[in-house]
Structure formats: C-alpha cells, structure tokens
Amino acid sequence: MVTGSEREDVNPEVVRLVALARTGDRAAFGRLIEDHLPAARRLALAAAAQPMEADEAVQEASVAAWTRLHALQDPAAFRGWFMRIVWRKAIDRRRSVRAWLERFGPSSSGDRPMEFAAVDPAPDAMLISRELELAIGQVVRALPKKLRDPFLLAASGDHRYEEIALLLGIPLGTVKWRISEARRMIRAKLERLGHGDPR
Amino acid sequence: MRPIEDRHPLDDVIDRVAKQLTRVEDDPHLASRIAASLPDRSRSVFGWWAPRLAMIAVVVAAAIVWGTRAPRESAHVVQPLASSQPLATPVTFVAAVIDLLEPGPMPLERVEPMEPMEPMGLVRAAHDFEFSLPSIEAVASLELEVIAPEGLPEDAPLTLAPLAIGELPMAENISPR
Chain S
0 MVTGSEREDV
10 NPEVVRLVAL
20 ARTGDRAAFG
30 RLIEDHLPAA
40 RRLALAAAAQ
50 PMEADEAVQE
60 ASVAAWTRLH
70 ALQDPAAFRG
80 WFMRIVWRKA
90 IDRRRSVRAW
100 LERFGPSSSG
110 DRPMEFAAVD
120 PAPDAMLISR
130 ELELAIGQVV
140 RALPKKLRDP
150 FLLAASGDHR
160 YEEIALLLGI
170 PLGTVKWRIS
180 EARRMIRAKL
190 ERLGHGDPR
Chain G
0 MRPIEDRHPL
10 DDVIDRVAKQ
20 LTRVEDDPHL
30 ASRIAASLPD
40 RSRSVFGWWA
50 PRLAMIAVVV
60 AAAIVWGTRA
70 PRESAHVVQP
80 LASSQPLATP
90 VTFVAAVIDL
100 LEPGPMPLER
110 VEPMEPMEPM
120 GLVRAAHDFE
130 FSLPSIEAVA
140 SLELEVIAPE
150 GLPEDAPLTL
160 APLAIGELPM
170 AENISPR
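Chains S and G are the protein sequences, given in the same order.
Here the first sequence is numbered in numbering that gives the first Met the number 0, starting from 0 and rising by one per residue.
Here the second sequence is numbered in numbering that gives the first Met the number 0, starting from 0 and rising by one per residue.
Rather than coming from a laboratory, the hints here were simulated on the basis of the structure.
Zero decoy hints are in this set.
Stretch by stretch, here's where chain G covers chain S in the computed footprint (C-beta under 8 Å, at least three residues): (1) 30-40; (2) 48-56; (3) 60-67; (4) 132-145; (5) 154-161; (6) 180-188.
Cβ coordinates follow ideal geometry from the N, Cα and C atoms, glycine included.
The whole structure should be built from the sequences, with the hints applied where relevant.
Here you go:
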C-alpha cells in the first residue's frame with residue numbers, strides 16, 4: 000500500500016507513462032524503467048555487491064513490476080514502489096550467499112577492492128593513497144548488514160533518508176542512527192589500522 | 000549531512016569510497032534487454048487468473064457431481080432404514096430385500112413362501128421314527144438271589160481252594176498253523 004507520506008513529487012510524465020503501461024504499452028514501460036535504471040542499479044549493487052548480480056536483480060524487478068503494475072494504486076509513487084521491488088530482488092540474490100562469498104569471501108577479498116578499478120581517478124582522489132582506499136573498502140564490507148545497507152544507500156546519493164527508511168522498513172530515526180554509527184565504526188577501525196588522519 | 004565543522008577528516012574519504020562502491024558502469028543495452036524480457040501483458044493477466052479459474056471450475060464441477068450423486072445413494076441406502084416398519088411376514092421381508100438388492104434388470108428366482116413349520120419338539124413327541132420295527136419292550140427287571148449273610152462263616156478266614164492246572168502241551172507239539 001502506497002501512502003500519502005511516501006508520495007513523491009508528482010511528475011506528470013511518470014503518471015502518464017504508468018497509465019500507458021497499464022494498458023499494455025511496452026514502450027511506455029520501457030521509458031519508465033530507463034528513467035529509473037541508474038538509481039535502480041546502484042540500489043541493487045548496494046545490496047547484491049556484484050554488478051552482474053545487481054543487473055539481474057534489476058531485470059527481475061522490472062519484469063515483476065510489469066506484471067504487477069495493476070497493484071500500484073498511485074502512479075505518482077512509481078519510483079518508490081519500483082525501488083522497493085528492486086531492493087527485495089537484490090536482497091534475495093544476496094541471500095544466495097554464493098555471490099557474496101565470491102566477492103567478499105576470504106579467497107577473493109584479500110587484495111581486490113570492489114569496483115575501484117573502473118573509477119576514473121579524480122584529481123583529489125590521486126592524493127588518497129591506494130592503501131587507504133583498500134582499507135576503507137574492507138572496513139565497509141566488514142560492517143554488519145544493518146549498518147552497511149543504510150550507509151551505502153545514503154552514500155549512493157539517490158535516496159533521501161525517508162526513502163531509505165521506507166526501503167528498509169525501519170523508522171527514520173533508526174536510519175540516521177545507523178548511518179552515523181556506521182561512519183563512527185569505520186573511522187574507529189581506520190584509526191586502529193593507522194589511518195587516523197589522511198592529510 | 001552533518002555540519003562541515005563536525006566532520007572528521009576521514010569522512011570525505013569514506014563518503015567518496017562508499018559512493019564508488021555503488022557506482023555502476025553504463026550499460027546502454029540493459030534497458031533493451033529488460034524490455035525484450037517482458038512477458039506479454041494479456042498473457043500474463045490471463046496467466047494470473049487462469050489457475051484460479053481452473054481451481055474454481057474444478058470445485059464447482061465436483062460440487063455438481065456430488066450433489067447429483069448424493070440423493071441416489073442416500074435413497075438407496077437410507078430409504079429402507081427410514082421406512083423400516085415392522086414387516087408383517089417373513090415373505091414380505093424377503094421380497095423387500097430382493098427389491099433392494101436387485102435394482103437392475105437381471106431376474107432373480109423368487110423365493111416361494113414356505114409353509115410355517117411346527118416346533119420340532121411337538122413332532123418328536125407325536126411320531127416314532129422307526130415305524131417298521133416293533134416297539135421295544137421294557138426290559139425285564141433283573142432278579143438277584145438274595146445273599147444270605149448267614150451262609151458265610153463267622154470267624155474263619157476266607158480261603159480259596161488251590162487252583163489245579165493240568166499239564167500243558169509242549170510247544171513242539173503245537174502246529175505252526
């Protein structure tokens with residue numbers, strides 16, 4: 000059930016596309032998915048941790064949204080509704096521990112960060128040592144899921160705290176506390192590893 | 000976001016790395032792959048309802064079949080019980096049982112009514128089975144001589160005369176036959 004509190008800013012184009020998609024317009028639904036695809040992929044990656052698994056989760060979520068589009072009561076709330084489907088699909092994939100172990104398990108996580116190799120080094124990023132990047136990546140991976148999920152969702156920049164609370168099904172205050180606690184734990188571990196001050 | 004003055008020197012680096020952890024590469028073909036994998040809307044809607052309709056149809060059909068069969072079976076079985084009034088004669092009872100057990104066209108040999116039988120005790124009392132033999136006369140009473148106790152000696156012990164055994168024939172004189 001989509002309530003008024005989670006209703007997003009009404010986008011007339013989204014409402015129009017949802018109405019068309021409900022009539023079976025595949026092109027309209029494709030437009031909807033395409034508009035939300037980058038955020039959906041980042042969201043799935045925060046949970047599934049592997050880009051391939053994340054894309055699979057997004058594809059499954061898209062098919063599920065297509066078949067259940069009649070259940071969406073408020074077309075303006077499509078984004079939050081679709082993101083929740085993506086999150087559940089990604090969590091389902093994470094629970095098949097294999098993908099997680101392949102990426103974060105002891106055999107593969109020792110010397111390789113997540114996807115840092117694909118990141119174009121910004122000028123200021125050049126100042127950060129490679130060792131510190133690896134350390135932060137490992138510390139973030141080692142966080143409990145309760146802390147890691149809201150922390151990564153917030154770090155993706157796609158979701159407000161209210162949206163994260165709806166995605167995870169927890170109160171807003173809990174989201175804020177968990178993000179703050181995750182940051183505190185990361186700092187504490189980095190300081191113990193000798194990375195107290197990056198300057 | 001926290002105020003800048005409260006931020007730890009590591010926070011910027013942490014945020015940057017965390018953002019990179021959720022960074023995805025552009026995939027221009029993903030949207031088209033997703034669109035190609037979408038099932039047909041009409042078929043999916045039908046597929047959503049088809050199992051339910053099939054189950055409802057099965058339940059309704061079973062209810063109809065059961066409803067049409069139940070009265071016949073109950074009439075076949077319950078009717079005699081419901082109308083089980085005391086039967087007047089055994090013949091009526093037998094005929095009623097035959098009618099119940101034989102609803103089909105196969106004929107059964109009808110049971111002829113039997114004449115009532117008299118009690119066996121009365122028959123035995125009236126007739127003798129061996130009419131060809133004379134009646135058995137009563138056995139004459141046995142008459143025993145009265146043993147006179149005075150015929151026995153009073154004090155003398157009871158003695159028996161020695162047995163006299165004659166000479167027995169030899170074995171060789173006996174014919175083997």
